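Got chain A; can you put chains B and C on it based on the hints?
Read top to bottom, the protein sequences are chains A, B and C.
In terms of my numbering, the first sequence is residues 1 to 246.
In terms of my numbering, the second sequence is residues 1001 to 1287.
In terms of my numbering, the third sequence is residues 2001 to 2283.
Since the hints were made in silico from the structure, they are not lab data.
Just so you know, these numbers come straight off a predicted model, no measurement behind them.
Some hints here could point you the wrong way.
Pairs of lysine-lysine, BS3-like flavour, derived with a Cα cap of 25 Å [stated by the list, open to error]:
hint	chain 1	residue 1	chain 2	residue 2
1	A	Lys-143	C	Lys-2146
2	B	Lys-1009	C	Lys-2104
3	A	Lys-11	A	Lys-242
4	C	Lys-2104	C	Lys-2146
Here are the computed distance ranges between Cβ atoms for each label pair [unchecked claim]:
hint	chain 1	residue 1	chain 2	residue 2	range
5	A	Leu-211	B	Gln-1083	49 to 57 Å
6	B	Arg-1162	A	Leu-141	48 to 56 Å
7	C	Leu-2276	A	Asp-139	24 to 32 Å
8	B	Phe-1080	C	Val-2241	57 to 65 Å
9	A	Trp-113	B	Ile-1165	50 to 58 Å
Residues of chain B placed beyond 12 Å of chain C at every Cβ, according to the derived structure [what the hints assert, rightly or not]:
hint	residue
10	Ile-1003
11	Val-1004
12	Thr-1056
13	Phe-1080
14	Val-1092
15	Ser-1097
16	Tyr-1115
17	Ile-1117
18	Leu-1136
19	Phe-1154
20	Phe-1157
21	Tyr-1189
22	Ile-1242
Ideal placement from N, C-alpha and C gives every residue a C-beta, glycine not left out.
Take a look at the letters that make up each chain.
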Amino acid sequence: MSTLAHIEDLKLSFGGVAAADGLSFAVTAGEFLAVIGPNGAGKTTALRMIAGVLRPDSGRVFFGDRDVTALPAHARVRLGLGFTHQIVRPFYSFSTIENVMIAAGHRLTESPWRALFGRSRRAARERAAAILERIGLADQLDKSPRALPLGQRKRLEVARAIALDPKLLLLDEPLAGLSSAEAAAMADLVRALPGDGIAVVLVEHNLGEVLRVADRIVVLDGGRVLAEGAPVDVMARDDVRKAYMG
Amino acid sequence: MLIVELVVKGLVYGCMYAMMAVGLTLVYGLLRILHIAHAGVFALGAFITVVVANYTGSLLLGFLLATAVSALAGIAIYRFAYQPLLGHSAFVPMIVSIGIFIVLQEAFRMIFGAYGIAFDNNPYYTTTVDLGGIHLNYVEIAMVIAATVLLMGFGLFASLTRAGIGWRATVTDPQMATSFGVDPIRVRYLNFFFGSALAGIAGGLVGLLNNYVEPTMGGLVSYKALAIIVLGGLGSVRGTLIASLVLGVVESFGAIYLADVFDRDAIGFLFLILVLMVRPQGLLGRG
Amino acid sequence: MSAYVASLVSVIGINMILALSLNIITGFCGQVSLGHAAFYGVGAYAAAYLSKLGVSLPLTLLAGAAMAGTIGVIVGLTSLRVRHDFLAVTTMGIGFVFLGFVRKQRWLGGELGISGIPDSGLGPVGYALFVACAAAAVVVFSLWLKQSWMGFTFDAVADDEDAARTVGVNTSAYKLTAFGIGTAIAGFAGGLYIYFARIILPDTFDFVTSIAILTMVVVGGTGSVWGVAVAAIAMTLLPEVSRAASDYRLLIFGAMLIVVMRFSPGGLAGLARLFLARRRMTP
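Next up, chain A with everything else stripped away, as it sits in the complex:
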């Protein structure tokens, strides 16, 4: 099993508070990894540092053997990384399908000059439609994201990330704000992704669903890794229970 990505001793402080205090863990190809922990443990911070949206004060981020710590977010996307935001950010001036199309056409958007001479949107449109169909948004293709309820906007966010043909997908609280039925459906949806060759790292609060779908979990507390391993094993540990309870 090859390591797809790993982080080494990441540290980041905001105004004196350490959001990350020496974080290290790895993701292997095709696995479903959940990152959990109490509030303020540094879960979202960790994800955003892997995505390149946040710069660590120290430490390194690797994709395979390559040190990508200095690489900007868009360049990491080009290396096979997909990312969804905790608070969804669709392009509100685009329709649902256009949101996915711009990602599906990622080869064309790589350089402005290539983009200038790319005219046809048909291939991207077909691919986007196929993804949206799989994800259950086939009826909303031409709707504005504003017209979609939160659950569907979250699906759109995931669809857009999938359209990038990522090898690794980072999901920041995809279940937040969803009803239990929607959350279960979303969990099933993302659970299927490793089957398509996409490794998933998921940050979540909703323990019920997470424990059901994850291969492996990493527990963070106070910006450090507290425990990692199979869900059953980790959740049985006293220190993990204590971190959650108080």
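Just chains B and C now, kept in the frame of chain A:
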């Protein structure tokens, strides 16, 4: 001696810029709008000062009316131009602001003529005082005093009175302030009232300094004030004050030493651009 | 075509090219620019200086475009570093720095500008047709760009830069490209202007001109190629057909900015879309 004189003159101009720029930074801090129409309020204050002073013979009355009318004009601009557009991106109110500025400037040109009006009785701009070898005229001294008194007064107001504290709270955290019972609309009116009054007074003083008031006078000062608020870190009053003085001094030196290469008015912007290249958040902004 | 009509066509063509060039920067890519006249000026000055050295017509235009585009990219680099809100003031500053510089340079004519620019050799009608073709070419290019993937990506960058980065878009490269293309075309317009005017003065390229160009874009509908083209034509013609409009030109510009932004921020194009949508709904 030249150096000291340049610095002093620079600070005098800096005080004038500060009176303009504070109004701009207050509006930006609250509403994220670049209030370019502020230039029109400045010119309005100048025109009222000169017209009333010439008509009644009382400069004081001129200034009082200018202050009042400018303040009201500022509030009117907020109420009719900005408030309805707060839901749009910041681009929209900014464009309206540019439009208002142009309309005001043209209106002044049509009413008062392109060459403007001079003060009938203005001994102040020629009477100088010798301060240790440096000569400042009465108007320049008045500018420094006015700026210091008014800005310190506002500072005290903001720290000591309930209304002032409510205003500060709204600028920092509007939602929290509302939940504490602060009325955001009143805060905005206060903002525009104070900032526009300052601009009106500044306009009158600049008119006195040059001994005439003309329609385009608002433009350059306003553009520089915009550069100042960016330099000072948009929304920061302290930063704006420091940047105003810095710009005044930089311009003072630049006008002498760079006279062969750049126009005086370009120097301020050149300074801004150079600073932003090195520190994109401005001189004092937070990164 | 009489000489008067020819000169009118030339002015309309140049204004249209200017407006469309700003439309690429502000309308397509969402980068506000209040100093566009500076690039018009850079192109004009570069072309004028070279033309007086004997450089021939197509080369002077290319030189103007290249010079303006290069400086545009440098300005664009500034824009990358500063916050979005700063961009308006920074671009305004570029305009003043350009003007302040040019006014003081003896070798560029100082306050008196450059005069005695050679004739284009095409005659007034011929030149008018040349300008008209150039304007048409810029319209076609704008439409091409808008319908290409570059246009699609510009839309994304204009909508939400952070989200654009999430889908792999190198937003810096795209913003620089928008600046480079838009300013180069403005420089080209500057080159076209010099053979029309035969003399250039610094004040032609001041803040008021920047605002006038912006007004055409805003009134036409920021981002709409047809809207901006039509607005440029209409706003150039208006002072010609109406004496009152000519006297109050600036006042009308200002009023248009207020009225359009207050009541129809999408400009003429926005109104057209509304009108067409209503017509489609009634059977």
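Hint check results:
1. Lys-143(A) x Lys-2146(C): holds (22 Å)
2. Lys-1009(B) x Lys-2104(C): Answer holds: Lys-1009(B) to Lys-2104(C) is near 23 Å, not above 25 Å.
3. Lys-11(A) x Lys-242(A): Since the Cα atoms of Lys-11(A) and Lys-242(A) sit roughly 24 Å apart, the hinted pair holds (cutoff 25 Å).
4. Lys-2104(C) x Lys-2146(C): Outside the cut-off at roughly 40 Å; violated.
5. Leu-211(A) x Gln-1083(B): 49 to 57 Å: holds (51 Å)
6. Arg-1162(B) x Leu-141(A): 48 to 56 Å: Given about 55 Å between the Cβ atoms, the range holds.
7. Leu-2276(C) x Asp-139(A): 24 to 32 Å: holds (25 Å)
8. Phe-1080(B) x Val-2241(C): 57 to 65 Å: violated (31 Å)
9. Trp-113(A) x Ile-1165(B): 50 to 58 Å: The hinted range 50 to 58 Å holds for Trp-113(A) and Ile-1165(B), with Cβ atoms some 55 Å apart.
10. Ile-1003: holds (23 Å)
11. Val-1004: Correct as stated: the minimum Cβ-Cβ distance to chain C is 26 Å, above 12 Å.
12. Thr-1056: Fine: 30 Å to the nearest Cβ keeps Thr-1056(B) off the interface.
13. Phe-1080: violated (9 Å)
14. Val-1092: It is violated; Val-1092(B) is separated from chain C by about 5 Å at its closest Cβ, not greater than 12 Å.
15. Ser-1097: violated (9 Å)
16. Tyr-1115: holds (17 Å)
17. Ile-1117: holds (20 Å)
18. Leu-1136: holds (27 Å)
19. Phe-1154: Nearest chain C Cβ is 24 Å from Phe-1154(B), so the label holds.
20. Phe-1157: holds (27 Å)
21. Tyr-1189: Nearest chain C Cβ is 20 Å from Tyr-1189(B), so the label holds.
22. Ile-1242: holds (17 Å)
In summary, the structure is inconsistent with hints 4, 8, 13, 14, 15 from the numbered list given earlier, while agreeing with the others.
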